[in-house]
Amino acid sequence: MLNVPESALEQAEVPAAGPEPGSEETRQSTAPALQDSIAAARLGDAAAFDRLVEHFQQGISARMWRFTRDHHQHEELVQEVFIAAFRSLEGFRGEAPFEHWLNRIATRTGYRFWRKRDRSATLVPLNPEECARLQSGEDQPESARQAADLLHSVLARLPPRDRLVLTLIYWEESSIAEAAEQTGWSQTMVKVQAHRARKKLKKLIEGKLK
Amino acid sequence: MTAERLLQNLASRARQDQPPRVDVRAAVRRGILTELPGSMVDWPLVTGALASLVAAGIILAVSTWSFSDLQYPGLELVQTYETVLP
Chain A
50 MLNVPESALE
60 QAEVPAAGPE
70 PGSEETRQST
80 APALQDSIAA
90 ARLGDAAAFD
100 RLVEHFQQGI
110 SARMWRFTRD
120 HHQHEELVQE
130 VFIAAFRSLE
140 GFRGEAPFEH
150 WLNRIATRTG
160 YRFWRKRDRS
170 ATLVPLNPEE
180 CARLQSGEDQ
190 PESARQAADL
200 LHSVLARLPP
210 RDRLVLTLIY
220 WEESSIAEAA
230 EQTGWSQTMV
240 KVQAHRARKK
250 LKKLIEGKLK
Chain B
69 MTAERLLQNL
79 ASRARQDQPP
89 RVDVRAAVRR
99 GILTELPGSM
109 VDWPLVTGAL
119 ASLVAAGIIL
129 AVSTWSFSDL
139 QYPGLELVQT
149 YETVLP
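Quick note, the sequences are listed as chains A and B, same order.
The first sequence begins at 50 in our numbering and counts up by one.
The second sequence begins at 69 in our numbering and counts up by one.
Please note that the accuracy of each hint is not assured.
Examples of chain B residues lying across from chain A (beta carbon under 7 Å, computed) [stated by the list, open to error]:
hint, residue
1, E72
2, A79
3, A82
4, D85
5, P87
6, V90
Keep in mind the hints are simulated off the structure, nothing from the lab.
Owing to the predicted nature of the structure, the values given are computational and were not obtained by experimental measurement.
Note that beta-carbon positions come from the ideal geometry of N, C-alpha and C, so glycine has one too.
In isolation and in its complexed conformation, chain A is listed as follows (with noise of 0.2 Å):
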């Protein structure tokens, strides 16, 4: 049986391979403005790295949204994600663009988030109201905050390993390369994993469908 390492998401940091910023690889993938505000802030420079948040915010923001439902909480994860880049900085060599870096940070962060609060494994079943939601589909749809609402509250049944790749996969829209770097798992164990979470879903949800 292929199991997904939890000290893979677990890890805060990120690899710190790769050229260093102001590289030409970094030029490529960075806008340019930005590159003097991640190397000033590597040093140090709260300001600069002020920048950086106001920059990176709105779409850190939609990333944790998907996390939780809750305002308070989403405003504390946001901050939480850059709380944490800050400190993992100098780890940062320009190996991937700053924002696909920021949004490896930002997975971990809410990736953790869900597994203090949820600890169980089992499958918590969907109540009636959802089930109706669900049933009607296509037919009625309902706005996006409700539609996001019904997702959010449909995945949170699941376990946060299942709950994550699904969101990537399905809410994101990510590649399962784009997964696979997200979780710094492989991207075998991202198809892996996703196929144990779908089963699980079809088993929630057709389970009480029928």
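Please arrange chain B on chain A, whose structure you already have, making use of the hints.
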């Protein structure tokens, strides 16, 4: 409808949901204030303060020992004798 199809449909609608706008700059600034590198710490001041504390401790220890019975074991006896025979 299969579970996967349901998930795809729900997710496509959910993606249109707008996240709340946040501005966490002030909170992040506060959060990282304690994490700034050594340049924010006045090391000469910290070293000077520590050295002063150590010096004060040494002086106190030496002076305490100098006037202790250990240093002059007969002192108490002499003082008692002087009290009895002025």
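When the nearest CB of chain A is found for B/P87, is that gap smaller than 7 Å?
holds (4 Å)
With a cut-off of 7 Å, does the beta carbon of B/A79 approach a beta carbon of chain A closely enough for the hint to hold?
holds (4 Å)
Hint check: 7 Å Cβ-Cβ cutoff, B/E72 to chain A:
It holds, given that the least Cβ distance between B/E72 and chain A is near 6 Å, below 7 Å.
Go through the hint on B/V90 and say holds or violated, using the shortest Cβ distance to chain A against 7 Å.
Interface hint status for B/V90: holds (5 Å vs cutoff 7 Å).
Agreement of hint B/A82 with chain A interface, Cβ distance less than 7 Å:
Where the cut-off is 7 Å and the nearest Cβ of chain A is about 4 Å from B/A82, the hint holds.
Report holds or violated for the interface hint on B/D85, using the least CB-CB distance to chain A and a cut-off of 7 Å.
Given a least distance of 4 Å, the restraint on B/D85 holds.
Hint check: no violations occur; every hint is consistent with the structure.
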